[in-house]
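Visitor: So you can see what is in the structure, the chains are spelled out below.
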Amino acid sequence: MTKTMKKFDLKNQAFPGQETPGKNGSNELPLPDHIQDIKDSCPWFQRDFNLSEKDREVIRKYLDGLTDDEIIEIYYRMRDKKELWDGGYFYPNLQILFGTPFEREKDRREQKIWNEEYGESEVVKWYKEAKEKPCVWWLENHIIARHSLNSCMSCGACTALCPAAEFLDYNPRIIMETVQGKNEDAITQLLKSDTIWYCFQCGSCKTKCPRKNNPFGMISSLRQLSQIKGYHVYSIRGRQQYAARHLWGGNLWNRACTLYFRNIEVKTHRDFGPRHELCFNHKEEYFRKIGACPDMDGLLSGRKVHPETLHELRRLWQAGGALYLWEHIEDSAKKQADESGITIDEYHDKVKTEG
Amino acid sequence: MKENNSLFSETGRESLWKRYIKDIPDDGYFLTLSCILGALYPGSEAMIPKVYDLFGLNWGTNPRPESGWSCCSGIAYHGDIMPIEGTLLTVARLWSIAQEIGVDTITMSCVTSFGIHCECRDLYENEPGLKEKIDRLLKQSCGREFEIPKYILHTSDVFYHYRNQLRDNFMKFQLIDKKTGTPLNVVDHVGCHYSKLFPEEHSLGGSEYCEVLSGMATAWGGKEIDYPERRHCCGMGFRQCMISPNRAGTMASVHKKMKSMSPFQPDLIITNCPGCQVFLDKEQWAIYEITGKKYFIPVLTYQEVAGILMGWDPYGVVGIQFHTVPVEPLLDKIGTPYNPSEAWLGINKRQVY
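These protein sequence lines map, in sequence, to chains P and Z.
Be aware that the first sequence starts at 1, since it is given in the numbering used here, and climbs by one per residue.
Be aware that the second sequence starts at 1001, since it is given in the numbering used here, and climbs by one per residue.
Simulated from the structure, these hints should not be mistaken for laboratory data.
Careful: at least some of the hints might be erroneous.
Some chain P residues flagged as far from chain Z (calculated, every beta-carbon gap over 10 angstroms) [to be verified]:
1) Y76
2) K81
3) K82
4) N141
5) N150
6) G156
7) K206
8) L252
9) R315
10) E339
11) Y347
12) K352
13) T353
Here are some of the chain P residues that sit facing chain Z, going by a computed Cβ distance under 8 angstroms [claimed, not checked]:
14) W114
15) H147
16) S151
17) G203
18) W326
Glycine is no exception: its CB is placed at the ideal position from the N, C-alpha and C atoms.
From just these sequences and the hints, can you work out the full model?
Guide: Structure follows, in structure tokens:
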């Protein structure tokens, strides 16, 4: 065992710029004064559900007028602005930037630049080739598909205990039969349907399969194929992937976590009840009270991620084909939005709320 | 000769059980945290290092600030926006950090992560050439190298491992009704990706009789309650809960479990999966609003149960104010002291409401 291990740094003392803790200032959250003026007058820092049609037009016009360099520069300048709070640095603009049309536009453009800069990895080349091949080829070659099916005897054990099959028009046994049938048209139809998107990905089916098949793994592989082929936009549940790409993809790309503690907004989580609202309204205080690092340098909970950590991860996601997939989801969404005569921001809200 | 009337011989039982237990090292843990738990129950996350420190364990999350832990990308993988290669690389980087720290045991607070790490290892074991490919990509992308860790443990495995020592050395209370002296009825809900993906290799007790949570609950004085839908998924479902129009499937699954367990009068539900914790707790409110039925069974993580029994501050350390179903009635049963007027105070007891 080496001695390089560090104890958990609840007070963030190991982080650069944290050598002089103690200048706590007030208990109040720092108000981002330098941003407040812009925030009030500029709607592109509003959450989607607060935006009117007119706001959207203003935002789109503004964003379209910015060069790639400008939008990226503004984003990072804002992101890295910090204030002292409760013995550490707090980054007040993280909350203003996240989940906005502005962040989505920045991500789109920045990820294109990354793809051009770092070129095609061997993984991306494989996915590009796979896109042009028949669906049956994918099922015989994609690593997850290959490991998910030995030989299904159609006993239906997977379906009998599937939680999704109980509540939705969903039947993993039929999906496995369709896959095993290797009929290109039937598989294409399946990929264009809502069916594959109903799976909960819980894995209950894997445990019970007497042939050691993995239906939920196969469905995961089919969902990837559906997106690579652009078939997901044919179904309501499938095109929700555009919202997912920005929800989880945006969090990963900008905050190195698929879920950010500000995602659980009261407006979109009424089902969480009144106590959730009490908590959420002062979440930074309650997070800090129990030792977490809400939008702060540190290691615990919704912390500000170290830039080098984020850079490493972005390189891996680029090499691992995530940016290729996201660009693909983006292109399919743009095409469908154009066909429907709506902007990409309107499309984002449509797929997030329909169904 | 004494006649043996039991269905299974003790030796048979022992040998069966051996298939479902795993080695848990005492010390030397690399800890990766959870994006869900940290977002919704930050107290549960903060208590893991606190408990590790109680035992003076050697553990760490990163060797250098710039070499930090990240999410495993599991939600993105099961939410279908991350190809498996992206997840393999994300996990390989975490394993590389563990190597940098000098440990070969990964402990993660998230059950999705646990499933993802186990799945990555399984793929390396069963796909020739995959390790070399990911080695190459990791090296090219960020100059790192990695080895497959010897042990993949969920943090609930570690708490299970130390359950008796926690009770004997640190706990001031037990899961016993203070007024009646009877054990509290504890329902466990083990996350699917803990017990169902690789039940023989990675789950304590397999998928049917998983003991990781019930073992803790009984060691801490509670009574294990079985009920028909015990092993039913909570319905979290990744894209099902996080894209609002799909959340009905999640609610329906929670409702099914509540209906099934309520006749057994559980005093609490104990969980080890952050996603299950969120929805078993939060959706009880939605069920109340929709059906008028008040189940309101407190749902706690194993860290929270341990923290409460050790007498840690319910609001300042455990963070019970983050719960939708109030935990205070359970504290009353256990007899833990707390001051309800402090529930919604901010830092340094600042009045925020």
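Visitor: Confirm or reject each hint.
Guide: Here's how the hints hold up against the structure:
With a least CB separation of 17 angstroms from chain Z, Y76/P remains clear of the 10 angstroms interface cut-off, as annotated. The beta carbon of K81/P sits about 19 angstroms from the closest Cβ of chain Z, which is more than 10 angstroms, so the claim that it is off the interface holds. With a minimum CB-CB distance of about 15 angstroms to chain Z, K82/P clears the 10 angstroms threshold, and the non-interface call stands. For N141/P, the non-interface assignment is confirmed: its Cβ lies about 12 angstroms from the closest Cβ of chain Z, beyond the 10 angstroms cut-off.
The Cβ of N150/P lies farther than 10 angstroms from every Cβ of chain Z, with a closest approach of about 12 angstroms, so its non-interface assignment holds. For G156/P, the condition that its CB be more than 10 angstroms from all CB atoms of chain Z holds, with the nearest at approximately 18 angstroms. Chain Z draws K206/P into its interface by the beta-carbon criterion, the shortest separation being 6 angstroms against a cut-off of 10 angstroms. For L252/P, the condition that its CB be more than 10 angstroms from all CB atoms of chain Z is violated, with the nearest at approximately 6 angstroms.
Its beta-carbon lying about 4 angstroms from the closest one in chain Z, R315/P breaks the requirement of being farther than 10 angstroms from that chain. Distance check for E339/P against chain Z: the nearest CB is about 22 angstroms away, which clears 10 angstroms, and the non-interface claim stands. Interface exclusion of Y347/P from chain Z stands, the closest Cβ pair being 14 angstroms apart, more than 10 angstroms. The non-interface label for K352/P is inconsistent with chain Z: the shortest C-beta to C-beta separation is roughly 7 angstroms, within 10 angstroms.
For T353/P, the requirement that its beta carbon stay farther than 10 angstroms from each beta carbon of chain Z is not met, with the minimum near 6 angstroms. Below 8 angstroms, beta-carbon pairs count as interface contacts, and W114/P has none with chain Z, the closest being about 12 angstroms; its hint is therefore violated. Because the closest C-beta pair between H147/P and chain Z is about 7 angstroms apart, less than 8 angstroms, the hint holds. Annotation: S151/P was flagged as interfacial toward chain Z, and the flag is violated, the nearest CB pair being 17 angstroms apart, outside 8 angstroms.
About 5 angstroms separates the beta-carbon of G203/P from the nearest beta-carbon of chain Z, less than 8 angstroms, and the hint is met. Below 8 angstroms, beta-carbon pairs count as interface contacts, and W326/P has one with chain Z at about 7 angstroms; its hint therefore holds.
Hint compliance for this structure: hints 7, 8, 9, 12, 13, 14, 16 are not met, and every other hint is.
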